[in-house]
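Protein chains: 2
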Amino acid sequence: MIEPAMTHEPLTDGRLRVVIERIRPSVDSGRFPLKRVVGDVVRVGADVFTDGHDALAVRLGHQLPGQADWIETDMEPLGNDEWGADLEAGSVGLHRYVVTAWIDRFATWRRDLVRRVEAGQQTQVDLQIGAQLVDDAAARAPGDARSRLLEIADALRADAGGAGVGLALDDELRALMATCPDRRFETRSASHELVVDRRDARFAAWYELFPRSTSPVPGRHGTLLDVIERLPYIADLGFDVLYLPPVHPVGRTFRKGPNNALTAGPGDPGVPWAIGSDEGGHMDVHPELGTLADLRTLVSAAGGHGIRLALDLALQASADHPLLREHPDWFRARPDGTIQYAENPPKRYQDIYPFDFESEDWRAMWAWFRDVVRFWVTQGVRVFRVDNPHTKPFPFWEWLIRDIKSTDPDVTFLAEAFTRPKVMYRLAKLGFSQGYTYFTWRNTAEELRTYFEEISRPPVSDFFRPSIWPNTPDILHEYLQLGGRPAFATRAVLAAMLAAHYGIYGPAYELAEATPREPGSEEYLDSEKYQVRDWSLDRPDSIAPLIRRLNQIRAAHPALQSNDRLVFHAVDGADLLAWSKRTADASDIVLTVVNLDPQRPRSGVLHLPLELFGIDAQRPFEVHDLLNDRTALWHGEAQEIALDPSETPAHVYHIRPALRAEQRFEQYQ
Amino acid sequence: MIEPAMTHEPLTDGRLRVVIERIRPSVDSGRFPLKRVVGDVVRVGADVFTDGHDALAVRLGHQLPGQADWIETDMEPLGNDEWGADLEAGSVGLHRYVVTAWIDRFATWRRDLVRRVEAGQQTQVDLQIGAQLVDDAAARAPGDARSRLLEIADALRADAGGAGVGLALDDELRALMATCPDRRFETRSASHELVVDRRDARFAAWYELFPRSTSPVPGRHGTLLDVIERLPYIADLGFDVLYLPPVHPVGRTFRKGPNNALTAGPGDPGVPWAIGSDEGGHMDVHPELGTLADLRTLVSAAGGHGIRLALDLALQASADHPLLREHPDWFRARPDGTIQYAENPPKRYQDIYPFDFESEDWRAMWAWFRDVVRFWVTQGVRVFRVDNPHTKPFPFWEWLIRDIKSTDPDVTFLAEAFTRPKVMYRLAKLGFSQGYTYFTWRNTAEELRTYFEEISRPPVSDFFRPSIWPNTPDILHEYLQLGGRPAFATRAVLAAMLAAHYGIYGPAYELAEATPREPGSEEYLDSEKYQVRDWSLDRPDSIAPLIRRLNQIRAAHPALQSNDRLVFHAVDGADLLAWSKRTADASDIVLTVVNLDPQRPRSGVLHLPLELFGIDAQRPFEVHDLLNDRTALWHGEAQEIALDPSETPAHVYHIRPALRAEQRFEQYQ
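Chains D and G, in that order, are what the protein sequence lines are.
Mapping of the first sequence onto the working numbering: residues 141 to 809, in sequence order.
Mapping of the second sequence onto the working numbering: residues 141 to 809, in sequence order.
None of these hints come from the bench; they were simulated from the model.
Just so it is clear, CB atoms sit at the ideal spot from N, CA and C, and this is done for glycine as well.
Be aware that one or more of the hints could be misleading.
[Unchecked claim] Here are the simulated distance ranges between beta carbons:
#, chain 1, residue 1, chain 2, residue 2, range
1, G, R657, D, G306, 37 to 43 Å
2, D, D501, G, D299, 31 to 37 Å
3, G, T263, D, P468, 18 to 24 Å
4, D, P599, G, Q207, 34 to 40 Å
5, D, P468, G, D310, 32 to 38 Å
6, G, Q519, D, R255, 40 to 46 Å
7, G, A757, D, S727, 52 to 58 Å
8, D, P599, G, L677, 54 to 60 Å
9, G, K487, D, S727, 48 to 54 Å
10, D, P468, G, D299, 52 to 58 Å
11, D, D501, G, S287, 29 to 35 Å
12, D, G407, G, D214, 50 to 56 Å
13, D, A315, G, R514, 48 to 54 Å
14, D, V600, G, R323, 46 to 52 Å
[Stated by the list, open to error] A short, non-exhaustive set of chain D residues, derived as facing chain G with CB atoms under 10 Å:
#, residue
15, V158
16, E161
17, D168
18, T190
19, R251
20, L253
21, R255
22, R256
23, R488
24, E500
25, K532
26, R566
27, H775
[As the list claims (entries may be wrong)] Stretch by stretch, here's where chain D covers chain G in the computed footprint (C-beta under 8 Å, at least three residues):
#, stretch
28, 465-478
29, 524-538
30, 778-784
Kindly produce the complete structure, drawing on both the sequences and the hints.
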């Protein structure tokens, strides 16, 4: 791939004198689209200037999804050659924006005329110069404006009774001239792309479960219809998206047994990611889970609960996948005639065959993958979680996601990429709507602060939307293994309150399932990846009530619905992490303080930036703990905090915006 | 001008899997050339990665000036997907660099084979896979390598006596394979440009004078031959470049008199920037100064003193310029038939006509300007100071400078642009070798520190070379007007020790000429711009000795010959500014401390970063004051400093690199 050249362009016309630089926001100077959600307003800025002293006209062009025309807005000068204008992300889809600018000879002449008049230098020649500009404009103007402009030009030349200057500076002339500017020598910036997604691409709570483990009858393989029965529970907890691991036929050859055993017993269900068998491949439903009709029913039933269904897109095949017969050239053959299975020596994954993305037939293979996604989109699925995207070529993802979104712009893709930092960010730039993060491995206050500052601010936040998962079927972190139920509570608060987009793998999470396959492993013992599990959802020690409350708080507080304005606050005290989120106008402020030590009570002094909150440091303000529904009056920037993990892992305070004095103390009257 | 597009490129081949990002150093992602001087080594870095786990080959390509071929060097992996290699700026001219990378299937296979062998997993099939890679390579290899590769491939397949693995891992095979890599799917970055200038584009001391004032006979108009007589004085002071204001015929119509009087007397010489009369224009020498032959003689005589002559490139015309008749369409006509003079209402410059860069005939006009520069290049002039480049279009400068340097890459251009920050930086990016700065108006310690940190570090230092002038014929700052001789000494030390490239307008500077035309003005009283002056160079209060010493210090100390590693140091004490410069290996370190108050003695405690200097904080070190030739032993990072402006404005210390113990105290034995 030739990266776009930025070097010297051939000279077209030396009279194009305006320079446009540093358009912002932009991702890698416009190479990749900016990401926003519908309803956002993007403040677009640019450096625009020319040689000499001429006045400029600077406009922001905005192309709406699917439109050929550009809507133009005047950009305002902000000083130091910076210009700005707002762009409304009013609809889901691919928008474009561009900055254009030209030298405005009429505005220059008008400005200079004012100065000349003030200095007593104005002459007839100045009015004649203006008349010529007006004449020229008339030639470009629509019919009715044209005749009026010609009239004014004549009047300027005549200057009857010295009326010329008044006419020249009149708003009528300015308005008429604005209808027909001379843009022959305008400079036009590179066009920048803006992908606008649904609001829940930014703000959502995901719940992952294995349908195989949803049967009400212990030991029976769960079905998609069983999942429907689980929907009220998931909706009650406040989740927006239900994500299922692959629902396709599971391969039989080399099928793995419980706990990743190399051979499976006759009743073992195998790994859902080993896709494909005699019963079909990526466009089929695993018979033990049900039928395609059942899946459509599930999509519809979930919708009735306000829940969207997310499917897994895992581009790999089991040894039994029909594609191995239909398209053997999509896989890499070995000299002994066998097909190359997945491996990262010395690790071997004999039940999974990767596609060979260097196949001569790559175009047909790409098209087939696209057909897979379109097939599920047709079934009503609009949300995809993509398995291991970092093991498929980058150009493929850029193409696939653009292609799907060109017809279905509301479809979103979550990248399951736990890989190197630059690879994760590249995937985000290429189009993934959200990405998994290193959150699982960030456990100390300093680690969390540093990481969330990186991912919640530009440049990263302009292209990467973090999706925060305290656990996944692949990752049971040592912190959870050792910390027990308080650790699960703490990590849930961190995920839900730090990040607008988060998810859990349940019911393992709310039931605080904490036993690893073996010491030092991050794999679950008796993982659902390899076997059916039964879960007692009504166990009294479930942290479901905390999770329900967190999701309620998120829904009620706009401050928590984006990662903008996430600010960490100083705490004098070990293992305490404090941060706030607030809306742009500070009308909603949520302050969270967490004890990161799941074993020991911790206390310390918290320091708050009251000015940022719009709070007068000389007056008391109200804080309402949303977890325990207690209200307190605080005064000043320093506050004592104490948290005992045996009681609660955190305080989640709603800081009440300033009220009028007579209302401030209503609860105490 | 359409700015280069950075948006979505059409897909060429989906199998180009390697990504190259963030090549550095680069100026605006490669849109503009990087600047270096001959002898520099550029450490080039890039982020390079691919999907999955394949091994990469990454190379830095380097195209030398005037060459079509690219020289390739392996880039080394530095961790976190970053790669680096050195590029030598070995010759003056336009270099290019590019990063190329591809998936190295042989290296991947070899690495995996080692892992397989270690894990006891190696099989015959693995060797057969390798044999196929070697066979494929043979088809690409030169004749002698080809037959050996085919031999090895057969031997790998045969694996006689189990010798296959040893053969596979042998360095012979690695070396042979490196001669014929499979680069079908390589990724090639955008080509980046590197302008390499002569060393004195970065490190030089300029001396500006008006030839009109060099006559030994008071009142007589000086000549270019008089300037030759002045050369020994200038060389003795240690200057490298002698810059003359325009030497062309001066216009007569609207000629200005002394102190910018609207009318000139019969003997008044006029303003040298009002170029053009019946006696010629931009390619002629003003008869009162001499002839073209005299100018060539001056160039040659200056060269004999190690001094290069810089001419002024002022693209404007007096009312008498021959071009007004030959090319009236290069100027803007007014409706009354007159030509538009320069103005910025209410200011008017009736003696100067700007060119109309929006003329239909702009191409011919540009070509004529280029011919002007080429004419003087032919006369031996290689250095130009460009007057007011910010009032001519940016594309013109980019074209002109590239054009001249394409045949004469050693020619340099200093931009006299005292204008808005973004405009100054744009001019630098477009190709100016150095630029004037805001130094004149930066007088407090905080102002100087902030400004020099900005201009001495990337990204600015990659394209902008500051030229530091404490005075010019247009600017006599209030600090000099009020501070008297000590102020001139202080500003000379600041300019010469802070910046590798600096200049003074003399003899006004060394004679501390400090009287403004009127209070509040930055214009000189009786400015040479409008009249001939006599100067008494041997006045006892001249600061020429200080300037001579500063230039000697600069010549002797490599640390002062670039702005890299300029570091300011904390001083507890008002009006004191302290900084150091050092070479990359810290073998030369120069520490300067200046009292910015020209009236009062100042003292304070200086804090030094000894670790940066490679000095053991537990041991004494030697400092040698290069201004007064005194040596002292210091111990520890805190040092008392006292400076009385009536004695010296500054200490300029050479910090001696660590010596062996028996040598350290040699001066005290």
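Against the structure, the hints:
A hinted range of 37 to 43 Å holds for the C-beta pair R657/G and G306/D, which are about 38 Å apart. One distance hint, 31 to 37 Å for the beta-carbon pair D501/D and D299/G, holds here, with the actual separation near 32 Å. At roughly 21 Å, the beta carbons of T263/G and P468/D sit within the given window of 18 to 24 Å. Taking the beta carbon of each, P599/D and Q207/G are about 37 Å apart, inside 34 to 40 Å as hinted.
The hinted range of 32 to 38 Å is satisfied by P468/D and D310/G, whose Cβ atoms lie roughly 34 Å apart. Restraint check, Q519/G to R255/D: a C-beta distance of roughly 42 Å satisfies the suggested window 40 to 46 Å. Checked against the hint of 52 to 58 Å, the pair A757/G and S727/D passes, with Cβ atoms roughly 53 Å apart. Restraint check, P599/D to L677/G: a C-beta distance of roughly 57 Å satisfies the suggested window 54 to 60 Å.
The given range of 48 to 54 Å is respected by K487/G and S727/D, whose C-beta atoms sit roughly 50 Å from each other. As the Cβ distance of P468/D to D299/G is approximately 27 Å, the hint placing it in 52 to 58 Å is violated. Checked against the hint of 29 to 35 Å, the pair D501/D and S287/G passes, with Cβ atoms roughly 33 Å apart. Checking the proposed 50 to 56 Å range against G407/D and D214/G shows it holds: the Cβ atoms sit about 55 Å from each other.
In this structure, A315/D and R514/G meet the distance hint of 48 to 54 Å, their C-beta atoms being roughly 49 Å apart. Taking 46 to 52 Å as the suggested C-beta distance range, the pair V600/D and R323/G does not conform, at roughly 33 Å. Because the closest C-beta pair between V158/D and chain G is about 8 Å apart, less than 10 Å, the hint holds. Residue-level restraint check for E161/D holds (minimum Cβ-Cβ distance to chain G is 7 Å; threshold 10 Å).
Given hint, D168/D at the interface with chain G, holds; its Cβ is 7 Å from that chain's nearest Cβ, closer than 10 Å. With a least beta-carbon distance of about 8 Å to chain G, the hint placing T190/D at the interface is held under the 10 Å criterion. Checking R251/D against chain G: minimum C-beta separation of about 8 Å stays under 10 Å; hint holds. Look at L253/D: its Cβ gets to within about 8 Å of chain G, closer than 10 Å, so that hint holds up.
Against a cut-off of 10 Å between C-beta atoms, the interface hint on R255/D holds, since the closest Cβ of chain G lies about 4 Å away. For R256/D, the suggested interface contact is upheld, since its CB lies about 5 Å from the closest CB of chain G, less than 10 Å. Interface restraint check for R488/D: the shortest CB-CB distance to chain G comes to about 8 Å, inside 10 Å, so the restraint holds. Contact between E500/D and chain G, as hinted, is supported at the beta carbon level, the nearest pair being about 9 Å apart and thus within 10 Å.
With its C-beta approaching chain G no nearer than about 6 Å, K532/D sits inside the 10 Å limit, and its interface hint holds. The interface hint given for R566/D is met, as the beta carbon of that residue sits about 6 Å from the closest beta carbon of chain G, less than 10 Å. Given the 10 Å rule on beta carbons, the hint for H775/D is violated: about 37 Å separates it from the nearest Cβ of chain G. For the stretch 465-478 of chain G, the assignment as covered by chain D holds, since 4 residues bring a beta-carbon within under 8 Å of that chain's beta-carbons and 3 suffice.
For a cut-off of 8 Å, the count of residues in the stretch 524-538 of chain G with a CB near a CB of chain D stands at 8, and the three-residue condition holds. Counting residues of the stretch 778-784 of chain G whose CB lies closer than 8 Å to any CB of chain D gives 0, which falls below the minimum of 3, so the coverage claim is violated.
The structure fails to meet hints 10, 14, 27 and 30 from the earlier list, while all remaining hints are met.
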